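**Q** Quick mapping for you: the protein sequence lines, in order, are chains C and Y. Start counting the first sequence at 1161; every next residue gets the next number (the numbering used here). Start counting the second sequence at 670; every next residue gets the next number (the numbering used here).
Hints in this document: simulated from the structure, not taken from any laboratory. Please read all numbers here as calculations on a predicted model, not as lab measurements. Among the hints, erroneous ones may be present.
[What the hints assert, rightly or not] Dumping the calculated EDC-like pairs for lysine to aspartate or glutamate here, alpha-carbon to alpha-carbon at most 20 Å:
1. Y:780 / C:1756
2. C:1671 / C:1682
3. Y:757 / Y:774
4. C:1671 / C:1740
5. Y:780 / C:1753
6. Y:780 / C:1726
7. Y:731 / Y:843
8. C:1671 / C:1736
9. Y:725 / Y:705
10. Y:780 / C:1670
11. Y:706 / Y:726
12. Y:706 / Y:800
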Amino acid sequence: MTVELGQISLLAALLTAFVLGLLPMIGTYTGNRRFIAVSTSASLLQCLLVIISFGILTAAFVFQDFSVEYVARNSNSLLPMGYRYSAVWSAHEGSLLLWELILTIWIAAVALFSKRLPEVFRARVLAVLGWISVGFLLFILLTSNPFGRLIPSAAEGLDLNPLLQDFGLIVHPPLLYMGYVGFSVAFAFAVAALLGGEVSRDWVRWSRPWTLVAWAFLTIGIALGSWWAYYELGWGGYWFWDPVENASFMPWLVGTALIHSQAVTEKRGAFGNWTLLLALSTFSLSLLGTFLVRSGVLTSVHAFASDPTRGIFILAYLGVVVGGSLTLYAARAPKMIQGGGFAGVSRETFLLVNNLVFAVLAAMVLTGTLYPLLIDALGAGKISVGPPYFGLLFTWLLIPIVLALPIGIYSRWQQDSSGRLSGMLRWPFLISLMVGTGVWIMQPAIGFVSAAGVTGGAWVIVGSLFYVGHLLKKKSSLRIPASVLAMTLAHVGMGVFLIGLSMTSTLSTEKHLRMDAGDKYEMAGYTFEFLGTSIVRGPNYTADQGEFVVTRNDREVTRLYPQKREYAQRGNTMTEAAIDPGFTRDLYVSLGEPLDQNGQAWAVRIYHKPFIRWIWLGAIFIMSGGFLAAANKRYRRKMTVKQPATAKTREVTAS
Amino acid sequence: MSRIFPLLGFALLVVLLVVGLKIADRKTNLPSPLIDKPVPAFDLPVLASPEQRVSKESLLGKPYLVNFWGSWCVTCRAEHPVVTELAKRNAVYIVGMNFRDETEDAMAWLKRWGNPYDVSLSDFDGRVSIDFGVYAAPETFLVDPSGTIVFKQLGQLTWEVVENEILPRVASMESGN
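My request is simple: use the sequences and hints to build the entire structure.
**A** Structure (structure tokens):
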């Protein structure tokens, strides 16, 4: 009976979402204050109902109710307790429910923490979010119900895909969705601003903290996904440009452009329409990503079965949300043009470079992701666009961003002189050039492109840190504004990421070889000795576990225990790589296939990956910068409309 | 005017996605261009005794299953129990197509995990696998007595596929003869 309660609860949430979408919206046009006031209670009630529904599905996993089809397909009585929680979102239906759960949490957060906003504007934001939720709930209930029963009930479950039995899976999807779905708030703010017509640029200031938080979550979500692929897939790669990854990367790129253009619009009023468009696009790309991943349009034949009905539904949903908002934009946006001009050398110009490049990058990733589909649609055969296309593209497009970044930080709004800027940036420029050249001389194998990447990373880091020093000197007090700290943190993270990327892309070494017990292999100054394998038993698998002693200059560095696991229920084998992480290098060993009968000779892969940690370290910095910027006190002040109150607001207050 | 461009761009995108959905639909209906086409020609040495050869012609007249595998292939190992179970039932003649593999490795693999195949052929340079359009192991083809491919399984064979797709087809071929 209980899982049916979950479904009923979800239906109730759908009704609540309808009310949330309808009544407050009507209220803002008719001036009915009671209708407007519904927005808060409906938002909170909806969130509660979805939490109940999600909780019931989780309970079905924890207590192993194999009469529920979704549970029977994705769990097993031997599944460890921790994974029973994460198994909830391991497949299609549950991950949609998680998506919805996070959406309603965001909506509830907006309802709770935006009391300072003008009443009408806030009601419209919540109503728009209500409609987004209606669409998603319909999608779940009509095409992907996780509460379906299995008749007759299964005695035993099929088990969770072993790839997903991992800490990474527990945390990666929720964080990623926090980002993805969080952009719906910026979207709703933009739509509400368009509906209001005359709200001008205030909406940008109001939506900034929400956008920053969503963006920070997306940053760490993507980084965790990449880290998970690195240690779990067993081939040492950390980014594969596959459609699923691109789907999360596109909103990040446009989101990055958005947080920068918001700054311009808030401070200077320029780029107003552009900011609107970016806010609409960011969430649209999140939805497009969901469509691409869930419809089977781009997944390969080897992936999970696709379901065209689901595809049609998401496409229709996408059409309504994106098409509707862009139509609104086409109709209303011109009225909102405002803001002053700016000179060729000014902070606006450099932020424009940022915006253009990030938008172009996103467009290129979109093209690369959809290109195989286009070729297929034209009947010209099947192709796939891989790392060569994306790699080349990013190398070239990163150049203008990296060059412009420090200059943009130093430059003044509206107008600046190139003489002043070059004077101030002389030292960061020389230092970064020295760092890059130094690395190149010490490690000639790095090559020109990567050496240039290290120089660029150093340029961004040194330039950012010098700016803090510059402020301290100028102000002669030790207090740096939190916003500058946040910006510096994120930009330093970008530099750290760049250095890690450049170092690891050309200095990594890898070797696939056959090793018998007792064999030794030397790589990058480390000696890897294979001691042989033994059988290890886990809760729901048995594994061949290899033991490697790694020594350097005859001193033991570490012992590594890579595993080859066999999961009993589904009969799949999994490679569990062993990694010795380090600040300047990772040592990575994974077991391939046994090459003789008694299991003493194995195919082994050994990797030495310098500076790979810096990639994720950079992402952590970037994320922290985002959260710090969102926490800025200035966003918590009373949010008033700077322009004279709109006609509609007056109407409401009068009634 | 420019404010309408985003909408137009999106409309184009939607058209592309609709076409994409249609294609995805077709993909699930028509899994391989080789279905209902004759088996590609092959003439390969037997794995254990290379002086013997088996060709497409010598297999005509009975339904058979061609299972592409390699000792380097993790999924083949996972699939192995299903093939073994199918072999036990003696329902259909199974040809193991060992491709891009060293003979010793392949023999060791069969010795370690058991040999379910009625005959194992060695496609050392993978040429036959290319003719079959195999791009990842394992892949399995069901061939009817006239030498026509009637079913193809991409990736791991599951018992569900054996019961729902392969055995009924084999049964209908035998009753038809």
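**Q** Can you list which hints this structure breaks, lowest number first?
**A** As far as the earlier hints go, 3 and 10 are violated by this structure, in ascending order.
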